[in-house]
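K.L.:
Protein chains in written order, with this note's numbering: chain A, 1 to 112; chain B, 1 to 117.
Hints in this document: simulated from the structure, not taken from any laboratory. Using N, Cα and C, we set each Cβ at its ideal position, and we do this for glycine too. Where hints are given, some of them may not hold.
[To be verified] Stretches of chain A that chain B covers, calculated by requiring three or more beta carbons in the stretch to come under 8 Å of a beta carbon on chain B: (1) 68 to 76; (2) 98 to 110.
[Said to hold, decoys possible] Chain B side only, calculated, beta carbon under 10 Å to chain A, not exhaustive: (3) 59; (4) 61; (5) 67; (6) 68.
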Amino acid sequence: GDSVTQMEGPVTLSEEACLTINCTYTATGYPSLFWYVQYPGEGLQLLLKATKADDKGSNKGFEATYRKETTSFHLEKGSVQVSDSAVYFCALSSGGNEKLTFGTGTRLTIIP
Amino acid sequence: GAVVSQHPSRVICKSGTSVKIECRSLDFQATTMFWYRQFPKQSLMLMATSNEGSKATYEQGVEKDKFLINHASLTLSTLTVTSAHPEDSSFYICSARLAGKGRQPQHFGDGTRLSIL
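Using the sequences and the hints given, assemble the complete structure.
P.N.:
Okay, here's the thing in structure tokens:
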């Protein structure tokens, strides 16, 4: 079945540091890939997505590229801010019912 | 756009009470809504897929008589936790997917924190 493996946290970085959160997946067919962010006490917000190989999703300075050859969708940001502190979930959807399969989440804390 | 409203945001009840959680898509039509459960510091577990006008599809291990789902319109799905007990305490999150061709992303509500005493 489908699965998502993402980098375990927690991750603590200083403000303006570079961020990479690794995500790899296993899926049949050609899944769509997503990164969601969850701020404390809230639901999930879609951060970015990519629907086919070599697509790059980007939003709020975050980027991720759909790499079919390595089955990866790593999340990157060049300079993080305190406001980026949250839990980040990598996810995929495939098949007709479009159910989402989530990774375990990575808690990111940015210190000033 | 694509706002999903979930209500209530927090509920505290005595054991044995039934609790209803509403999930509304405010500015779009959603033929499919999803209900998730999230335990502290863990990922989201899909409980069921709710399709407008038909019965919900439950994931393995989820009791359909315990977690009643109704999706009566294109903008509203409800989850009722019947005769709730302390082990049902959790964070419940709904999502809605836009109706339309192609793969549409899911948009999530802010979640409901359920505490059963």
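K.L.:
Does each hint fit the structure? Answer for all of them.
P.N.:
Hints, verified against the model:
Coverage of the segment 68 to 76 of chain A by chain B is violated [criterion: at least 3 residues with CB-CB distance below 8 Å; count 0]. Against chain B, the segment 98 to 110 of chain A contributes 8 residues with a C-beta closer than 8 Å to a partner C-beta. That satisfies the three-residue criterion, and the hint holds. Given the 10 Å rule on beta carbons, the hint for residue 59 of chain B holds: about 9 Å separates it from the nearest Cβ of chain A. Hint status for residue 61 of chain B relative to chain A: violated, with the closest Cβ pair at about 15 Å, above 10 Å.
Residue-level restraint check for residue 67 of chain B is violated (minimum Cβ-Cβ distance to chain A is 17 Å; threshold 10 Å). The interface hint given for residue 68 of chain B is violated, since its Cβ lies 20 Å from the closest Cβ of chain A, which is over the 10 Å cut-off.
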